[in-house]
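Number of protein chains: 2
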Amino acid sequence: MSNKGFTVWMTGLPSSGKSTLAGLLAAELQGRGLPVVNLDGDEVRMRLSKGLGFSKEDRDENIRRISYVARVASDMGGVAITSAISPYREIRDEARAEIAQFVEVFVSCPVEVCIQRDVKGLYKKALAGEIKGFTGIDDPYEEPLNPELVVHTDLESEQESIDNILGTLDRLGLLPKNETNSRATGASAVSDDEREQALTKLRGLGYVE
Amino acid sequence: MSNKGFTVWMTGLPSSGKSTLAGLLAAELQGRGLPVVNLDGDEVRMRLSKGLGFSKEDRDENIRRISYVARVASDMGGVAITSAISPYREIRDEARAEIAQFVEVFVSCPVEVCIQRDVKGLYKKALAGEIKGFTGIDDPYEEPLNPELVVHTDLESEQESIDNILGTLDRLGLLPKNETNSRATGASAVSDDEREQALTKLRGLGYVE
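Chains as they are written, first to last, in this note's numbering: chain A, 33 to 241; chain B, 33 to 241.
Keep in mind that the hints are not guaranteed to be accurate.
When chains are identical, the list treats them as one kind, so a pair holds in a single copy or across two.
To be verified - Taking lysine to aspartate or glutamate and the EDC-like style, the derived pairs with C-alpha atoms no more than 20 Å apart in a straight line are:
#1 K82 - E93
#2 K152 - E75
#3 K209 - D150
#4 K157 - E180
#5 K82 - E126
#6 K156 - D72
#7 K82 - E174
#8 K36 - D107
#9 K36 - E75
#10 K152 - E180
#11 K82 - D107
#12 K82 - E180
#13 K36 - D74
#14 K156 - E190
#15 K82 - D92
#16 K156 - E175
#17 K164 - E130
#18 K88 - E122
#19 K209 - E89
#20 K157 - D107
#21 K82 - E130
#22 K157 - D202
If you are wondering where the hints come from, they were derived from the structure by calculation, not from laboratory data.
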């Protein structure tokens, strides 16, 4: 590997697609031989933040803990992928300041589409007033002003978003050199044989049929 | 590096010498080019465990969080060094079960000697009854039954303890091959020149005079 650890910090509304992309990206990077930790919001809450609630103060504290673990993982030469909503710009910028190689990916999706998806059924409860302070409904989501990448999950396929993330990582020099050709740098650099090998690999991972 | 991450889990009474050895070991391993995170008890409390107290339940939770971060760091190929008292055998064994390469170092020192050192002045307060539930005074320290190594900080110099830890890591195959000769494998494998170079390096690090 390149020996540079880094953090891919996904941020976006509930149901925007962060966790899905985080899981696919983790599998893709692991498949390339990188050490990866997927700091999934739920696991982190269980392992690091028992007792914290959902007030702004507690959510900020939760994000700071994620940031700490992501920093440690990156410093060790690994790849940390985070997928907490992380709605507040100030705390995200704290994470950016703490982590040497920080790649902020804004997972953009109109709130109307997120409400339709409502993966965990929480928008419904928030709209019914059963949950207070829900991001996107009665609590703000502050969009990143200058993220390394914006993916549009209402307009792109999951694979297109993943390809865009890989392209960004490659452009930033964060992917191992001998592995990047097959997908991240476009068709012109890839022979038919290489493409076929890559597709075979992707089929094995369940990404393409 | 060997590409195997691992965790060195120091455990022992307050003032037994855990933090000192952790700092020296971290510097030594970093000097050998390994990515190292020193999960110092105070830093971890600040970054991961704000709001937790010193009840058995809260201390257990604190140790579980340290264990989680150590696991992540080790999984990324790094070296995590922990130096929390971690007085309870059960929670240490949970950490052992969670972390693939787990090296438990029992930092042994008679409590009378620890009381004399009393680095933070806490034994004095505990003996005066101002602190309740203090490990070694009115709360138990459960010695490891089967640690990878015991160091005796009342009998050995700091450098002897560090050498013993390095020897153990080397025996377990956890140190990079081309770097271990100079210190960890005993005099017979080391030429006079090599020893002089190593001493020069150690002087530079402030370990020997």
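Hints and how they fare:
| no. | hint | verdict |
| --- | --- | --- |
| 1 | K82 - E93 | both (12 Å within a copy, 9 Å between copies) |
| 2 | K152 - E75 | within (16 Å within a copy, 35 Å between copies) |
| 3 | K209 - D150 | neither (39 Å within a copy, 53 Å between copies) |
| 4 | K157 - E180 | neither (33 Å within a copy, 52 Å between copies) |
| 5 | K82 - E126 | between (22 Å within a copy, 18 Å between copies) |
| 6 | K156 - D72 | neither (23 Å within a copy, 43 Å between copies) |
| 7 | K82 - E174 | neither (26 Å within a copy, 26 Å between copies) |
| 8 | K36 - D107 | both (8 Å within a copy, 15 Å between copies) |
| 9 | K36 - E75 | neither (25 Å within a copy, 24 Å between copies) |
| 10 | K152 - E180 | neither (28 Å within a copy, 45 Å between copies) |
| 11 | K82 - D107 | neither (25 Å within a copy, 23 Å between copies) |
| 12 | K82 - E180 | neither (31 Å within a copy, 31 Å between copies) |
| 13 | K36 - D74 | neither (27 Å within a copy, 28 Å between copies) |
| 14 | K156 - E190 | neither (24 Å within a copy, 61 Å between copies) |
| 15 | K82 - D92 | both (14 Å within a copy, 12 Å between copies) |
| 16 | K156 - E175 | neither (23 Å within a copy, 52 Å between copies) |
| 17 | K164 - E130 | neither (31 Å within a copy, 36 Å between copies) |
| 18 | K88 - E122 | within (12 Å within a copy, 35 Å between copies) |
| 19 | K209 - E89 | neither (42 Å within a copy, 48 Å between copies) |
| 20 | K157 - D107 | neither (40 Å within a copy, 38 Å between copies) |
| 21 | K82 - E130 | between (23 Å within a copy, 19 Å between copies) |
| 22 | K157 - D202 | neither (40 Å within a copy, 56 Å between copies) |
Going down the numbered hints, you'll see the structure goes against 3, 4, 6, 7, 9, 10, 11, 12, 13, 14, 16, 17, 19, 20, 22, while the others check out.
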